[in-house]
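Please arrange chain S on chain F, whose structure you already have, making use of the hints.
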Amino acid sequence: MGEPQPAHVAPAPTAAGGASQDGCGDTPPLLSVILVGQRSLAAQRRGKFVAGSGAHPARMAPDLAAALIRDYTAPGELVFDPLAGIGTTLVEAVRTGRNALGMEFEPGWVALARANIDLARRHGSTGHARILRGDATQLPRGIPGDLRGQVSLVLTSPPYGRTMHGRVEHGRGPHTRFHNTYSHHAHSGGPQAANLAHRSRAALIDGITAVLAGCIPLLKPDGLIAVVARPWRRDHFLIDLPGQTIQAGLAAGLTLLASRRAVHGAIRDGRLLPHHTFWHPNVAPVGRRKGTPVSLIQHDDIAILARERIETRS
Amino acid sequence: MKTADHHDHDPSIQPTQPPDPLALSELIAAGDIDVVPGDPPVPISVWRVAGVDAAAGHSSADALTPRMAALLVGSYTSPGDTVVSIGGDPALAGAAGAGGRTYLSVDDPGDLAGLDHVAGTVALIVLPWPPPDRPGPMSRESLTRMFRVCRRLMRRDGCTIVALAELPADETYIEHSGALIPAAQRAGLGWLQHIVAITAPIAGQRVTWRTAPADPATLRAAADVAVHIDLLVFAVRRGRHG
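Those protein sequences? They're chains F and S, same order as listed.
The opening residue of the first sequence carries number 16 in this note's numbering; numbering runs sequentially from there.
The opening residue of the second sequence carries number 45 in this note's numbering; numbering runs sequentially from there.
For the record, the hints were derived by calculation from the structure and aren't laboratory data.
Please note: incorrect hints may appear among the correct ones.
Residues of chain S clear of chain F, computed beta-carbon distances all greater than 10 Å [as the list claims (entries may be wrong)]:
hint, residue
1, P63
2, P110
3, T126
4, P134
5, G138
6, D160
7, D177
8, P181
9, G222
10, G234
Example chain F residues on the side facing chain S (calculated, C-beta under 7 Å, incomplete) [said to hold, decoys possible]:
hint, residue
11, L45
12, Q53
13, L56
14, A58
15, G258
16, A273
17, R286
18, A299
19, V301
20, R303
21, S310
22, L311
Note that CB positions come from ideal geometry on N, CA and C, so glycine has one too.
So that you can see chain F by itself, here it is in the shape it has in the complex:
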């Protein structure tokens, strides 16, 4: 064994809290853990999203989106989110100088995403973004031909199980779930098969497979797909949505390059301080009082997929 190597220290967290830096070139290797919880979700979102955006039940943490965009793209490159929701990934892309394209099925979310992109532009973002209304399971249908083969990074998060949806309101007594539907039409109509969030679990995985397969023609030759997912709990046990999402990617012809973890707790004096999330914060205490050693989930799984194994990347 040789001498211990000099310390490699991850680059200082950016304003977004990621452990990465812009651009390519001679940068340190990525770490399997990304710390994205230095700021509360409210602080991460403050001023970036128009009123009404908070109604979406499962928005990606902005600092996580920004960290992944910095890790896997350079300024000027194109980021695509096929399940764009209210446009968190698009907003973070343009705010970091990337261009972005998004697709969303629900017209209400499309309108909000468009407004959020406009807000980023008014704030001086240099990237350009476009949100399209469409069914991502039909991709690449709906994407302009000149954008095919142009995407450096597909960044998205699949819908979660419906029973776990909902943002939790704090500070008014018992936790109250609200904002728990993906569709503005969910109360007036039946489940919409075209909306992934309303599918059964098996159909959801089929839908995710179709979405990922449809993204492949959009990728540049060295383009990557980053999928952020979290398991959900049913009958006390976890359903492996992250694993099933990766399996969907493999079924779509993709290769898994890396499995990373995003940690949402804030580091203070060397300790991790948890943030409240939309995940039911009262599940874990109740479970522990009943004798089940459950923990509060403070991380997301990130799967990095590619069309094929890439040996070198220029």
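Leaving out everything else, chain S in the frame of chain F:
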């Protein structure tokens, strides 16, 4: 299975019960575990387990550190309980011994069946993964058989924890998790928790790492330096699932 601090500070009540050095309250006080405060305090799904020697350049994502062993033993067992692992692990043995637990180990997953004398009494089974010295990946049937043995050994409220460490370059997380989780389910175990154990030191607001730089020729694009171990916690399914 311990889920709260059973440590009693009043010696007049339980004079023969020494305090548990691995009680949750002790782990919290020592800064070894992070929790949501409350009654009871609830640990979070992310552990900081960098070894004390990590700063000297020996950080590794493929071995249990003393803190990780203490968290495993302290979080999932009580004094007097039995802990089993594949491969004798000094850190695990040390934590179990210091905490008044009984520690047993076997060399190979196939040897677990030889522990029938403790069947139904084991509070914690730790499976470092992939198992050392294996000739190749275990078949679906072998994995299911292994978890069935684990279930037979486990106390009704016991846990089996797979510690999925840094993998060889030609293996992926999903190859293992995608086989382990369904195999455990076929054996009557449910996936209770996924814990991310960060093996590199955290300095300031950053994860740092000290390791010999990987050979650039073998570093794949988009690959990363492993600074965590995935802990997959399984418990016995009961009721209509049991």
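For each hint, the structure was consulted:
| no. | hint | verdict |
| --- | --- | --- |
| 1 | P63 | 20 Å, holds |
| 2 | P110 | 17 Å, holds |
| 3 | T126 | 17 Å, holds |
| 4 | P134 | 19 Å, holds |
| 5 | G138 | 22 Å, holds |
| 6 | D160 | 26 Å, holds |
| 7 | D177 | 21 Å, holds |
| 8 | P181 | 16 Å, holds |
| 9 | G222 | 5 Å, violated |
| 10 | G234 | 3 Å, violated |
| 11 | L45 | 4 Å, holds |
| 12 | Q53 | 6 Å, holds |
| 13 | L56 | 16 Å, violated |
| 14 | A58 | 14 Å, violated |
| 15 | G258 | 5 Å, holds |
| 16 | A273 | 5 Å, holds |
| 17 | R286 | 5 Å, holds |
| 18 | A299 | 4 Å, holds |
| 19 | V301 | 10 Å, violated |
| 20 | R303 | 5 Å, holds |
| 21 | S310 | 5 Å, holds |
| 22 | L311 | 5 Å, holds |
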